[in-house]
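K.L.:
Sequence:
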Amino acid sequence: MSEDRFSLLIIGGYGTFGGRLAGLLGDQPRLRLLVAGRSLEKADDFVADLRTPKDGAEGLGSNNLGAMVQAVSFDRDGDLTEQLTRLRPHLVVDASGPFQSFGEDAYKVVEACIGLGIDYADIADSTGFVAGIGGLDAAAKAKGTFALSGLSSLPALSFAALDAMAPHFSRIESVAAGIAPSAHVKIGLNVVRAIASYAGKKITVRRDGRPAAGRGLIDSMRVTVAPPGVKPLRSRTFLLVDAPDLKLLPARFADLKSSFTGVGTEPQPLQHLLSLVARLVHFRLLPSLLPFSRLLQRASHAFAVGEHRGGMFVRISGIDHAGKRLSCGWHLIAEGDDGPFIPIIGVDALVRRLLSGVRPENGARPAAGELQLVDFEAAFRRFSITSGIRMENEEARQPLYHRILGSAWERLPPAISALHAGGARVASGRARIERGGGLLARIVAGVIGFPRAGEDVPVTVRFVSDGDREIWTRDFGGTVFRSWQVEGKGRDRHLLTEVFGPFRVLMALVADGEKLRLVVRGWRFLGIPLPMFLAPGGDTYEEERDGRFHFHVEIGGRLTGLVVRYTGWLVVE
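Numbering (the UniProt record's numbering), first residue to last: 1 to 573.
No lab work stands behind these hints: they were computed from the structure. Honestly, I wouldn't trust all of these hints.
[Stated by the list, open to error] Under the rule of at most 27 Å between Cα atoms (straight-line distance), these lysine-lysine pairs were calculated in the DSSO-like manner:
(1) 108 <-> 247
(2) 489 <-> 257
(3) 143 <-> 186
(4) 231 <-> 515
(5) 201 <-> 247
(6) 141 <-> 201
(7) 143 <-> 202
(8) 201 <-> 186
(9) 489 <-> 231
(10) 257 <-> 247
(11) 489 <-> 515
(12) 186 <-> 42
(13) 108 <-> 141
Quick caveat, the model's predicted, so the values are computed rather than measured.
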């Protein structure tokens, strides 16, 4: 063993999160990774898989494995001092759990590490465990070590987002956060057990500025997770979960009036059923859902229906420095299988900082505020993970597209932002128009008033602001048709709603390089939701070319075929 290597012991190293952490850190040549668990055989199998090159793979089994990786046996119920002395780690990361079930001797691993002068970190999500680690602060400082608890999505990442938004406020009154895992991600049994342990039971939240009793997996709020310029997740209900944030927030924000932390899973009907079962515990018809943990896990795996995307949000509201009402939201979306890496990105960032010589202050404490948002964002760039902040001043309204796009508005080419700058304006140019030839396509085009096919057709678009909505009047060579656009509300939050006669189309504004794409997310006829597979779609986008605004609008569907396609350019007068 090379003595200049930094030695990292991962307890639960071949588990759901520990395994991902080992895969992420496997590219560090200065690292000695000790993959630990009760079963040496399972640890050996995991390490063998980690060392196996996989074409095009990221993380686990990647071709750039530079760390020295070793499988070891570690029993948290055994002689901890003997095991830690023999393994000689510089840092111990506990990625096992569930931390809610550690009992009276919950901190024995932490205490053993401190006693031997070994640094410690974990990804605990248990409110009691994370908040209580401060009781070991004096001992850790005396030994010159640090012990950080909760270096996970909640509270490390959520507080990093809070700290990034807080400077905009003079007073923060409300904080809500939530995690929306992809339905296609296999949830570990320990995670299910942690949630089942408090389902239907009392969870302390903040209401009207005072502690209040919330109901686990029963109390709810609806949120649309929508990073600026990215196709949002579908609006969903988040159910109250026990998270360290609920305990730590009142100490951070003295004027806090309300708090909430939740989980929003897909498919939503399955989550609603779980909420109903949690009420049996609340009404004491069941003592706990813990005995049903494995059944709940199997159900979540069996009903993997929905988009393979996950997300997270942190929303705050209060008073800005001008004395006006302000709300602000940080949103994140992870594509495919990248979401489950988020809970261990904080530990990954900590280890990389340690390897670069940046060390946390000594002492034992929750990891809330330990890392900055930029630390997480640097790791996000290694994945298909997008995040951003939306500012929502309730008294100074921004132009419609600016409100929906949030910070992504600043990335728009000048010609696009000029067209959507708000207020009364007129733009003129030329267009090429194509029309579908099917009977149903002609009927739809006639109902809405789409123009006839033509080449080099003069076009004028007049924009008029009417309260929160914009009225668009398009004149294609004398053929005029109107629509109006407004920001979606409720379930349609963060979507652009455009109304053509009896049809209402919901679209996501997606900043895609130099283009602004309009992606259909739903549609309605006379207010009645219609099936998505029949929704009007097509490749619709705006772009800047040669300093001018260009448009490409395509409307069609499975039943109609192409209804209309018009392309061209406009210049704002």
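K.L.:
Flag every earlier hint the structure violates by its number, smallest first.
P.N.:
3, 6, 7
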